[in-house]
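Number of protein chains: 2
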Amino acid sequence: MRLSIATTWLFLKNMEYNESAMSIQPVNTLESNLQQAKNAFLSMATLTTAQKDAALEEFAAIIEMNADFLLGENQKDIAQAEQDGLTSSLYQRLKLDAGKISQLVQGIRDLKKLPDPAGQVLSATKLDDGLVLEKQTVPLGVIGIIFESRPDVIPQILSLILKSGNAVVLKGGKEAVLSNQAFMRLVQQLNERCPWLPAAWATLLDSREAVQQMLNYPQYVDLVIPRGSNQLVQSIMAATKIPVLGHADGVCHIYIHPSADLNRATPLVIDAKSQYPAACNALETLLVDEAIAAQFLPGFVRQAQQAGLVLKGCERTQSIVSGLESAADADWRAEYGDLTLAVKVVPLLEAAIEHINRYGSHHTDAILAQDAEAQERFLNAVDSACVFVNASTRFADGFRFGLGAEIGISTAKTHARGPVGLEGLVIYKYKLRGNGQTVSEYVGENARPFLHEAL
Amino acid sequence: MRLSIATTWLFLKNMEYNESAMSIQPVNTLESNLQQAKNAFLSMATLTTAQKDAALEEFAAIIEMNADFLLGENQKDIAQAEQDGLTSSLYQRLKLDAGKISQLVQGIRDLKKLPDPAGQVLSATKLDDGLVLEKQTVPLGVIGIIFESRPDVIPQILSLILKSGNAVVLKGGKEAVLSNQAFMRLVQQLNERCPWLPAAWATLLDSREAVQQMLNYPQYVDLVIPRGSNQLVQSIMAATKIPVLGHADGVCHIYIHPSADLNRATPLVIDAKSQYPAACNALETLLVDEAIAAQFLPGFVRQAQQAGLVLKGCERTQSIVSGLESAADADWRAEYGDLTLAVKVVPLLEAAIEHINRYGSHHTDAILAQDAEAQERFLNAVDSACVFVNASTRFADGFRFGLGAEIGISTAKTHARGPVGLEGLVIYKYKLRGNGQTVSEYVGENARPFLHEAL
Chain A
99 MRLSIATTWL FLKNMEYNES AMSIQPVNTL ESNLQQAKNA FLSMATLTTA
149 QKDAALEEFA AIIEMNADFL LGENQKDIAQ AEQDGLTSSL YQRLKLDAGK
199 ISQLVQGIRD LKKLPDPAGQ VLSATKLDDG LVLEKQTVPL GVIGIIFESR
249 PDVIPQILSL ILKSGNAVVL KGGKEAVLSN QAFMRLVQQL NERCPWLPAA
299 WATLLDSREA VQQMLNYPQY VDLVIPRGSN QLVQSIMAAT KIPVLGHADG
349 VCHIYIHPSA DLNRATPLVI DAKSQYPAAC NALETLLVDE AIAAQFLPGF
399 VRQAQQAGLV LKGCERTQSI VSGLESAADA DWRAEYGDLT LAVKVVPLLE
449 AAIEHINRYG SHHTDAILAQ DAEAQERFLN AVDSACVFVN ASTRFADGFR
499 FGLGAEIGIS TAKTHARGPV GLEGLVIYKY KLRGNGQTVS EYVGENARPF
549 LHEAL
Chain B
99 MRLSIATTWL FLKNMEYNES AMSIQPVNTL ESNLQQAKNA FLSMATLTTA
149 QKDAALEEFA AIIEMNADFL LGENQKDIAQ AEQDGLTSSL YQRLKLDAGK
199 ISQLVQGIRD LKKLPDPAGQ VLSATKLDDG LVLEKQTVPL GVIGIIFESR
249 PDVIPQILSL ILKSGNAVVL KGGKEAVLSN QAFMRLVQQL NERCPWLPAA
299 WATLLDSREA VQQMLNYPQY VDLVIPRGSN QLVQSIMAAT KIPVLGHADG
349 VCHIYIHPSA DLNRATPLVI DAKSQYPAAC NALETLLVDE AIAAQFLPGF
399 VRQAQQAGLV LKGCERTQSI VSGLESAADA DWRAEYGDLT LAVKVVPLLE
449 AAIEHINRYG SHHTDAILAQ DAEAQERFLN AVDSACVFVN ASTRFADGFR
499 FGLGAEIGIS TAKTHARGPV GLEGLVIYKY KLRGNGQTVS EYVGENARPF
549 LHEAL
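First to last, the protein sequences are chains A and B. Under my numbering, read the first sequence as residues 99 to 553, first letter to last. Under my numbering, read the second sequence as residues 99 to 553, first letter to last.
Treat the hints with care, since some could be wrong.
As the list claims (entries may be wrong) - Chain A side only, calculated, beta carbon under 8 Å to chain B, not exhaustive: (1) 238; (2) 376; (3) 390; (4) 393; (5) 410; (6) 412; (7) 430; (8) 489; (9) 529; (10) 537; (11) 546; (12) 550; (13) 553.
Stated by the list, open to error - For each label pair, taking beta carbons as the anchor points, the in silico distance ranges come out as: (14) 332(B) / 129(A): 46 to 56 Å; (15) 474(A) / 293(B): 40 to 50 Å; (16) 468(B) / 196(A): 50 to 60 Å; (17) 329(B) / 468(A): 28 to 38 Å; (18) 549(B) / 469(A): 22 to 32 Å.
To be clear, the hints were calculated from the coordinates, so they are not data collected in a lab. This structure is a prediction, so every number in the text was calculated from the model and none was measured. Glycine included, each C-beta is placed from N, C-alpha and C at the ideal position.
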């Protein structure tokens, strides 16, 4: 989720490297630490489901037992933050309390109940008698995760990594440093209680320099997941050749088709914009079909303004409702992150589709329509990770989709797209079991034929 | 497939940009061409299966009817190549004949029979009454494909792109320029006969500069597939932030466990090395367990040398069989691409696994063993795209795996791994169909619960 307020990246930029204060991972040993993480991954990848789930249960119990320690360390971070004069919103995200901790523990126990994402057989093919091919999911590798100030992200990430059998290199926000280190101390306890876990399965980086260096090691780090502001994600994407799972922008649209149920349209649009305006799946641009613009807009504008929305309109919109701010070309690419909404009248469905594909960020876009043909055309022609009919864009979320756990939301076109659950942390390998076959037997004049029988 | 001889990349490097000779795609209009390709993709993505399959049938028929034209243009390329003194191997790859063309036509008709890779419902979930989520495969986008001298690659690629509903920007080898342009002229005929195809669904680039420029446009090109030498693939990977599907190296291993059926081991190892030594899935390093090294190696070396293999041994190997060349550390990372094979004696299974994970290229590795525990340990612990038991590494191939079509072989850890079929050219989107739901209804005190019922 994007947050429109001061962000991790700004903290990273302003942060001075201070080895004595954060000694877990000095920069000069980074490469050897990444090598150890890679080796740890190779061990993690061979753990059984029972071993991984037992570690999750231990982790939940250790957090439960150490709640006071965690709250104490978090209190020190908060005291420092108060001294530094951070915003109240940041304070809210930084602060742990007993309720948040028991939610965390419950979250880990819920995750434990999910099926193991690794070891799933995607397909099995009999190539020939005694020659059977299996395509099976396997853990992906070393995952680099850079996140913002919320210290409760760290146990969530660690439990996703345990569940999927990967290794992780983490970097949290500076302002949560003691809270993060406290969680890492619990990881040490966990490793002692679960000797099947390799010590280096989780590594906490302590500086922005270390993150920058890590991005230069595609031989050790297989996937990077930045969880923070647009700027953070864009900086990471620009700085690395490692695949990045994430999204820089969330410019989401709703298009109101002439066949829409206009009574339901206004509350739905207000929900998509205002239910949590800082979220990446919040609405930024409303497209209104000209056939119903004069009928729909006056009432909508009144109710939207009552709900606190600030509307910016195209010329056509302004000609129907007076007194609105004017929307310029830049507004069609804007991710306001607040209660501002750009409104544009479009001549027909195809113009709406073209606008979305041109100006959108391929995140989440919705059509309001009763007409089935218009619905299907929109769903198929809009090139976005999530395409909705008659539902708020705010539904684009791993929890709401029922994924059980969310790694992040991706607008990439490869690997994983949209809200990504545990399946984003696995890939597959092909296992072929034979009894001594050579390829020569299947080539040339007397070649044996392949059976290619799905099992 | 990697080929060890002179490669596309070298041709690209030596090629002078000559706009008059190859006027299909001058450099200065590249960005607008990529924009058109992106727009063409948006149209292609909405074609029905019937429209795509009808285009494939037309394409096959047009190639069949224009065989003489294709052979004539190809003959001009060959005449030029003979004048330039190209190698006989390159000549073989460059040359089209009636047999190759009818194979091509058959290949397109076979592809047509495969299921549409797009439009497959991967999962469907009832979030609530009247709120249903579908995860559906969709075409991926604009695919950039850079390939070598074989002109028969072009119709293969074009048909894969048609079948999957993507758009493509292509660059072939300089020496096949007239053959490639001839195929593109048939694409113009195809577009006239199939007015549902957008004109820009296939674009042929004409210079190395254009390829380099294309790599700078991740906003238009979604995936790059280099089909050629190691150097080509490495250069492409180093030059772009666009995801690359491919593999730079194929350092493949066979490990002979003490429980192996030694009678079958020797022919299998010889097959893996010599059946087509230039292939990326050919064997490069043989690991022999010390428990059976003294028993196995003397007979193996004799037969391998009779089969033309050139063996390089570690110290232990040399102490068992005299007269072998010595293998240095660099040999464990070598992709010989010829009949050379490095041989190393290892103390046990775990040492073999460690060697493979450390020195290998994560492409294809095999164990020869009768012991089930050793087999499973190897399959799970070796971090490669293809892991085999008692079978030649040469089986790692889309045709042999029964994928129906092969886009390439990938050693990446995201998106697609191992031999990649049509599924590598699709991703998925989430389609949510509701009747006016807002997220607010599912939040807070009187929140509606989600059902999350798999359909």
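Residue 329(B) versus residue 468(A) beta-carbon gap, inside 28 to 38 Å or not: violated (58 Å)
Range agreement (Cβ of residue 196(A) with Cβ of residue 468(B), hint 50 to 60 Å): Holds, since residue 468(B) and residue 196(A) (Cβ atoms, about 57 Å apart) stay within the stated range.
Chain B contact restraint on residue 489(A) - CB to CB distance below 8 Å: holds (3 Å)
C-beta pair residue 474(A), residue 293(B): status relative to the range 40 to 50 Å that was hinted: Violated, since residue 474(A) and residue 293(B) (Cβ atoms, about 22 Å apart) do not stay within the stated range.
Satisfaction of the residue 393(A) interface hint, Cβ to chain B closer than 8 Å: Where the cut-off is 8 Å and the nearest Cβ of chain B is about 18 Å from residue 393(A), the hint is violated.
Proposed interface contact between residue 238(A) and chain B, which counts if any beta carbon pair is under 8 Å: Holds - the Cβ of residue 238(A) comes within 8 Å of chain B, reaching about 5 Å at its closest.
Interface hint compliance - residue 430(A) to chain B, C-beta minimum distance less than 8 Å: violated (16 Å)
Distance restraint hint 22 to 32 Å, applied to the beta-carbon atoms of residue 549(B) and residue 469(A): Taking Cβ atoms as reference, residue 549(B) and residue 469(A) lie about 27 Å apart, which means the hint holds.
Hint status (Cβ of residue 410(A) to nearest Cβ of chain B, threshold 8 Å): Hint on residue 410(A): violated, closest Cβ of chain B at ~23 Å, above 8 Å.
Status of the residue 550(A) interface restraint (C-beta, 8 Å, chain B): holds (3 Å)
Restraint check, 8 Å cut-off on beta carbons, for residue 546(A) near chain B: violated (11 Å)
Hint check: 8 Å Cβ-Cβ cutoff, residue 376(A) to chain B: With a minimum Cβ separation of about 14 Å from chain B (threshold 8 Å), the hint on residue 376(A) is violated.
Hint compliance for this structure: hints 2, 3, 4, 5, 6, 7, 11, 13, 14, 15 and 17 are not met, and every other hint is.
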